[in-house]
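Number of protein chains: 2
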Amino acid sequence: MTDLILTTFDWVPDMPRGYVRDLRVRWALEEAGLPYRVKSVPFRERGAEHFSHQPFGQVPWLTDGDLSIFESGAILLHLGERSDALMPADPRSRSEVIEWLFAALNSVEMASLPWALFKFAGDIAETPGRKHLDGFLKARLQHMEKVLAGREWLAGTFSVADILMADVLRLVDRFDGLAGYPACGDYVARATARPSFAKAYADQMAHFAAAD
Amino acid sequence: MTDLILTTFDWVPDMPRGYVRDLRVRWALEEAGLPYRVKSVPFRERGAEHFSHQPFGQVPWLTDGDLSIFESGAILLHLGERSDALMPADPRSRSEVIEWLFAALNSVEMASLPWALFKFAGDIAETPGRKHLDGFLKARLQHMEKVLAGREWLAGTFSVADILMADVLRLVDRFDGLAGYPACGDYVARATARPSFAKAYADQMAHFAAAD
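First to last, the protein sequences are chains U and L. According to UniProt numbering, the residues represented by the first sequence are 1 to 212, in order. According to UniProt numbering, the residues represented by the second sequence are 1 to 212, in order.
Next comes chain U alone, as it looks inside the complex (with noise of 0.2 Å):
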């Protein structure tokens, strides 16, 4: 087995603290037992380095042996590829994993994430443009519920998918956007109780804590 090792950056502001994306990786890795180091990159200043291994200049990566993979979602389907505790391996299971980490990203976080950037930036203004952008947003957590009303996890057995997911809904509730979808509520509770979870948690917020 080769070595893993998760980068990320060396420091953050507080703000997106619990929410810089290594955290579904770290997740990942500890409900799948597998062991990885975890190394850090200027958040300052970003190199033809970093930009080497992450063309956006964002975080984070993997290594696997002489294999280096950005991506949340691509890095997660790699570890699901790796281990059954986070993909099983049928072709059924396997199908219906990926396409719901697929939806966790293209359909739910590019509604959520916008939505996110706007109440961030404490914008209240109500133009047509807004009012798609909300409408987008209420329209997949309406099907989110019905879906998450039936069932504990996505695809049958707690995955990829889930984590993805379920860190997707966390930034929404962050702002309360989950306030009128209470199975999307009980779904976020329900896999951020899990140990995997709390332990990939701690460990940012120590990360970034360590560099303050």
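Calculated from the structure, these hints are not laboratory results. There could be a bad hint or two in this list.
As the list claims (entries may be wrong) - With a Cα cut of at most 30 Å, we get these calculated DSBU-like pairs of lysine-lysine:
{"hint": "1", "chain 1": "U", "residue 1": "K119", "chain 2": "L", "residue 2": "K199"}
{"hint": "2", "chain 1": "U", "residue 1": "K138", "chain 2": "L", "residue 2": "K39"}
{"hint": "3", "chain 1": "L", "residue 1": "K199", "chain 2": "L", "residue 2": "K39"}
{"hint": "4", "chain 1": "L", "residue 1": "K138", "chain 2": "U", "residue 2": "K39"}
{"hint": "5", "chain 1": "U", "residue 1": "K131", "chain 2": "L", "residue 2": "K138"}
{"hint": "6", "chain 1": "L", "residue 1": "K199", "chain 2": "U", "residue 2": "K131"}
{"hint": "7", "chain 1": "L", "residue 1": "K39", "chain 2": "U", "residue 2": "K146"}
{"hint": "8", "chain 1": "U", "residue 1": "K119", "chain 2": "L", "residue 2": "K119"}
{"hint": "9", "chain 1": "L", "residue 1": "K131", "chain 2": "U", "residue 2": "K131"}
{"hint": "10", "chain 1": "U", "residue 1": "K138", "chain 2": "U", "residue 2": "K39"}
{"hint": "11", "chain 1": "U", "residue 1": "K119", "chain 2": "L", "residue 2": "K39"}
{"hint": "12", "chain 1": "U", "residue 1": "K119", "chain 2": "U", "residue 2": "K138"}
{"hint": "13", "chain 1": "U", "residue 1": "K39", "chain 2": "L", "residue 2": "K146"}
{"hint": "14", "chain 1": "U", "residue 1": "K138", "chain 2": "L", "residue 2": "K119"}
{"hint": "15", "chain 1": "L", "residue 1": "K131", "chain 2": "U", "residue 2": "K138"}
Stated by the list, open to error - Covered by chain L, according to a simulated footprint, are these stretches of chain U (three or more residues, beta-carbon under 8 Å):
{"hint": "16", "segment": "54 to 67"}
{"hint": "17", "segment": "73 to 81"}
{"hint": "18", "segment": "87 to 99"}
{"hint": "19", "segment": "107 to 118"}
{"hint": "20", "segment": "130 to 137"}
Remember, it's a predicted structure, so these values are computed and weren't measured experimentally. Positions of the beta carbon are idealized from the N, C-alpha and C atoms, including for glycine.
Given the coordinates of chain U, work out where chain L should sit on it, guided by the hints.
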């Protein structure tokens, strides 16, 4: 080999024609030379059967034997695993295709689609949130410009990652958002000049026109 069936809407308004996401799947199927059939579901009345295949009431989905797959990213990844013309099988190339496939959806489209929502709405208000959103897209395009200035395709040879990235950037181009990014514009032109794109585009337009 099992029968591939792509399901899309029976009809859509003029505005999204040429941009409905079944295009991505048609394009991939044409590139791979995989035979497929197209089925329709009602745009106006979306029933329980529709939601059982696509929990957000959207399209497309693909059935491959007894697998039914939603999310264009998941479908393209599935097709990539069926055809070397869409995703090389060697581990390093495969990993590169997958990370760029996620980058198209989660690093670029997550900024570009909400930006396009404001354009669709004709919203010109420069609120603080809007400035965040514009800056989010601008940063992503600046990084993509550097990447695309140095390579023909994202992961060595043409792949499903290019289908997604080109389709994502094509929507930005529709609203003149690529004006300051010539390498991105050239990339979209290069990708959409492929005969498989032309076939997929013409087929989608004809499909919706037949229902008018």
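Under the constraints set out in the numbered hints, which ones does this structure not fulfil?
Checked against the structure, the hints that fail are numbers 1, 6, 10 and 11, while the rest are satisfied.
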